[in-house]
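Since chain A is already given, all that's left is putting chain B on it; use the hints.
In the order they appear, the protein sequences are chains A and B.
If you're matching positions, the first sequence starts at 70 in the numbering used here and goes up one per residue.
If you're matching positions, the second sequence starts at 70 in the numbering used here and goes up one per residue.
None of these hints come from the bench; they were simulated from the model.
Treat the hints with caution; some may be incorrect.
[Stated by the list, open to error] Here are some of the chain B residues that sit facing chain A, going by a computed Cβ distance under 7 Å: (1) Glu112; (2) Pro210; (3) Ala211; (4) Phe214; (5) Ala215; (6) Asp217; (7) Ala218; (8) Ala311; (9) Asp314; (10) Glu322; (11) Pro323.
We put the beta carbon where it would ideally sit given N, CA and C, even for glycine.
There are 2 protein chains.
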Amino acid sequence: MSPPAIKYSPRVTPTEWHDIDVVDERLLNPEEFKSAMEQIGVERYHSLHPFHHLLHNGELKHGQVQAWALNRYYYQASIPRKDLTLMARLRAPELRCAWRSRVLDHDGYEVEDGGIARYLQLTTALDLDKDYVISTIGILPATRFAVDAYVQFVSSRSELEMIASSLTELFAPAIHKARISGLSKHYDWADDNALAYFKKRLSEASKDAQFGRDYVIRNATTRTQQESVLNALRFKTDVLWAQLDALYGAYVEPGNIPPGAFVPDV
Amino acid sequence: MSPPAIKYSPRVTPTEWHDIDVVDERLLNPEEFKSAMEQIGVERYHSLHPFHHLLHNGELKHGQVQAWALNRYYYQASIPRKDLTLMARLRAPELRCAWRSRVLDHDGYEVEDGGIARYLQLTTALDLDKDYVISTIGILPATRFAVDAYVQFVSSRSELEMIASSLTELFAPAIHKARISGLSKHYDWADDNALAYFKKRLSEASKDAQFGRDYVIRNATTRTQQESVLNALRFKTDVLWAQLDALYGAYVEPGNIPPGAFVPDV
Chain A
70 MSPPAIKYSP RVTPTEWHDI DVVDERLLNP EEFKSAMEQI GVERYHSLHP FHHLLHNGEL
130 KHGQVQAWAL NRYYYQASIP RKDLTLMARL RAPELRCAWR SRVLDHDGYE VEDGGIARYL
190 QLTTALDLDK DYVISTIGIL PATRFAVDAY VQFVSSRSEL EMIASSLTEL FAPAIHKARI
250 SGLSKHYDWA DDNALAYFKK RLSEASKDAQ FGRDYVIRNA TTRTQQESVL NALRFKTDVL
310 WAQLDALYGA YVEPGNIPPG AFVPDV
Chain B
70 MSPPAIKYSP RVTPTEWHDI DVVDERLLNP EEFKSAMEQI GVERYHSLHP FHHLLHNGEL
130 KHGQVQAWAL NRYYYQASIP RKDLTLMARL RAPELRCAWR SRVLDHDGYE VEDGGIARYL
190 QLTTALDLDK DYVISTIGIL PATRFAVDAY VQFVSSRSEL EMIASSLTEL FAPAIHKARI
250 SGLSKHYDWA DDNALAYFKK RLSEASKDAQ FGRDYVIRNA TTRTQQESVL NALRFKTDVL
310 WAQLDALYGA YVEPGNIPPG AFVPDV
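Isolated chain A, as found in the complex (with noise of 0.2 Å):
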């Protein structure tokens, strides 16, 4: 079921580097090609983080939790404006309306009852200013850097590249119900009003990756297409894997903090 290895695929070990066959050319059929795609989580998402492991089993400290929602913020703050690159970009009318209700979840219809606004409670409950969480000024370069990329792919890619980068959004409802359930079992700031963000994903998250995932097996007409589909995906793995150990290396082990990031009391 699985798809033979591609040329240039950005996946490749050294040691596989001299023993590459040339690409296959078959196109995947919809099963093969969701299979290829459930793959990728199965060996890339960020659930298998430790970061993930450390957080959902209650064994961070206060500040390190802190760091890691103040990090994250920048990433879900970031969405809209990159959901709006993206849709600036689609040609088709009935696509941008379909897209549009993303924008809506995180923005809100106004700004306090957006996804935003409710990520924000967990930010409080986790004991931060809301007004430095909003500045972005502690978070890490390399938070930065990686959800900039996010930003920037979507803005000079393809558009089934740029759809397909958010079918992540495939593999979250697990995590999300991880998150909820580990966080309110071991913290005590974790109720209800601090996890709003996540509850209400769980149903958002799943309705927008089926579209998407519907969108590319229909348009992903030639196997080349295909793969650049799967590499977006690749890459978006990479952001939000990038963004893990980015925290692991400074709040964890070693806990070598750039110079200027956040530095907690705790």
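Coordinates of chain B only, in the frame set by chain A:
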């Protein structure tokens, strides 16, 4: 001599957040301005990073040095694209001419005479396949995000900021000297051929840095512009630092290599 804190400097810690002075609008004189630039080097240049201490003191295994050289290749090879992006946005032909030598230094009059070719002597001396290195398939996503952020920076910022972002060259000769002597002393492969890139940069970087510093001193005529220069320089130190953080986390401690990245044999 050092300038007062400025609001919205990206370098404010949470404890300082509620205690920021209104920005002093006084223009720094050239000596103060130079000293503010130097201070950024003292506090934030990547010569301070623990990865460099290990590298220059011979405390890294062969595979860890390979990972460093492999990842750094992407930075090295992107510099002419960065400089051409920058030059394409310069309005004065005099400035474009003055900047041109940077591209020639790296790309060469002919490719085989340029800095990138000299850099590949290093990766070859480290037993890395040249085509594998050039493909950049095995680099850390965080390396790509940081380097691409640098190219993106010069494609969108003011003339002053894009020129200022090169000013880490002010601090480069010292680290190149430390690298040449450290590597020569500790590693068998580190002969003149392998280190040719760094040896040549000793003279190139110094000339370029004087030009850039004179330019920003002459053209930053308000305090706000001076602060934008200092922030551009801080941004660039973040680009360099983040690359070493990623290397450290993946290949030293905790040694968590992201999915798909280079895995050393030894």
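These are the hints, each one checked on the structure:
Interface restraint check for glutamate 112 of chain B: the shortest CB-CB distance to chain A comes to about 6 Å, inside 7 Å, so the restraint holds. Given hint, proline 210 of chain B at the interface with chain A, holds; its Cβ is 4 Å from that chain's nearest Cβ, closer than 7 Å. Because the beta carbon of alanine 211 of chain B sits about 5 Å from the nearest beta carbon in chain A, less than 7 Å, this interface hint is met. Interface restraint check: phenylalanine 214 of chain B against chain A, minimum CB-CB distance 4 Å, threshold 7 Å, status holds.
Contact between alanine 215 of chain B and chain A, as hinted, is supported at the beta carbon level, the nearest pair being about 5 Å apart and thus within 7 Å. Taken as an interface hint, aspartate 217 of chain B checks out: its beta carbon lies about 6 Å from the nearest beta carbon of chain A, inside 7 Å. Contact between alanine 218 of chain B and chain A, as hinted, is supported at the beta carbon level, the nearest pair being about 4 Å apart and thus within 7 Å. Proximity of alanine 311 of chain B to chain A holds as hinted, the smallest CB-CB distance being about 5 Å (cut-off 7 Å).
Given the 7 Å rule on beta carbons, the hint for aspartate 314 of chain B holds: about 5 Å separates it from the nearest Cβ of chain A. Interface restraint check: glutamate 322 of chain B against chain A, minimum CB-CB distance 5 Å, threshold 7 Å, status holds. For proline 323 of chain B, the interface hint holds, the least distance from its beta-carbon to any beta-carbon of chain A being 5 Å, beneath 7 Å.
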